[in-house]
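**Student:** In case you want the letters, here they are:
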Amino acid sequence: MAKTVDVNVQDAALNDIKNNANKLVVLSAQATNFTEANSTYMLANTALASGDFTLAAGDTSGRKVTVAAKSGISVSVSGTAVQIGVIDTTNSRVKAQTTCTSQAINTGGTVDVPSYKVLEVQNPT
Amino acid sequence: MPERKEKALPKHIQAGQAVLARHAGKKDTIEFAETVLHGKMAFRQGEVVRFEDPSVAAYFDIAFNGTEFSTKEPTRTVGEDEINFDPEDPRQNETIDPLTRITGRAGIESGTTVHQHLSGGVGSGGKALEPHDADSGSEA
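Line order of the protein sequences matches chains U and L.
Okay, so the first sequence: first residue is 225 according to the numbering used here, each after it adds one.
Okay, so the second sequence: first residue is -17 according to the numbering used here, each after it adds one.
Here chain U stands alone, though its shape is the one from the complex:
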């Protein structure tokens, strides 16, 4: 007998990200709260819309949401990018953040963030 979960349950989590995250941020450290993600550690940022997110079948199992690539993001603070997050500035929430390969960036330059999987909610085991 297998363990199952309604796909709507999985998509509910993913849609919360899709419908509320309105900013992609490049961070110099892991943010533990909204202020750190939106200000303290933020090196670069760009606006997001729900259309930037795509739900699909998970790579392993379940469901996933990916965010579209963003290029030419102006660097506002020089530093080393180690985290990328998607945040909700309306409700002051850090919806999800992930690690990235460490990269030094400088003001006056730009960064490109490729499309990546924000979250995959796998089937229960």
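It is possible that some hints are incorrect.
What the hints assert, rightly or not - When the alpha-carbon atoms are kept at most 25 Å apart in a straight line, the in silico SDA-like pairs for lysine to any residue are as follows: (1) U:Lys341 / L:Gln27; (2) U:Lys341 / L:Asp117; (3) L:Lys(-13) / L:Gln27.
For the record, the hints were derived by calculation from the structure and aren't laboratory data.
Place chain L on chain U using the hints.
**Tutor:** Only chain L this time, still in chain U's reference frame:
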């Protein structure tokens, strides 16, 4: 050695004109540098005085044979050191190129490749980040 006697200079030698050197036609007989203050200078028979001619960036020699001057057209560009000349101490036999008295280099010499040091990119093309996909397992 006969004494120098003051003689009126040819008219084309102007007051204020720099005297680069005096010599008797040999490199090692420089005595002193001076500036023509008026239309006369003291000369010794057989002496040659080298005058700067800034209008054509050259110099010319005037030889005094005891009674008259021989004037020569500018023959060389200032900088060729047939006569070793040191404006700081003209008695020293040190080579100087008058055209390069002002030394100083630009911070970057021609031919130097300036490497862009701004990471993150300037203009077209930004620094590419590599985010890591996030998975969330669930357990029932």
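**Student:** Now tell me, hint by hint, if it's right for this structure.
**Tutor:** Here is how each hint holds up against the structure:
1. Annotation: proposed proximity of Lys341 of chain U to Gln27 of chain L is violated, straight-line Cα distance about 98 Å (limit 25 Å).
2. In summary, the hint linking Lys341 of chain U to Asp117 of chain L is supported, as the alpha carbons are separated by about 8 Å, within the 25 Å threshold.
3. With a CA separation close to 9 Å, the supplied pair Lys(-13) of chain L and Gln27 of chain L stays within the 25 Å bound.
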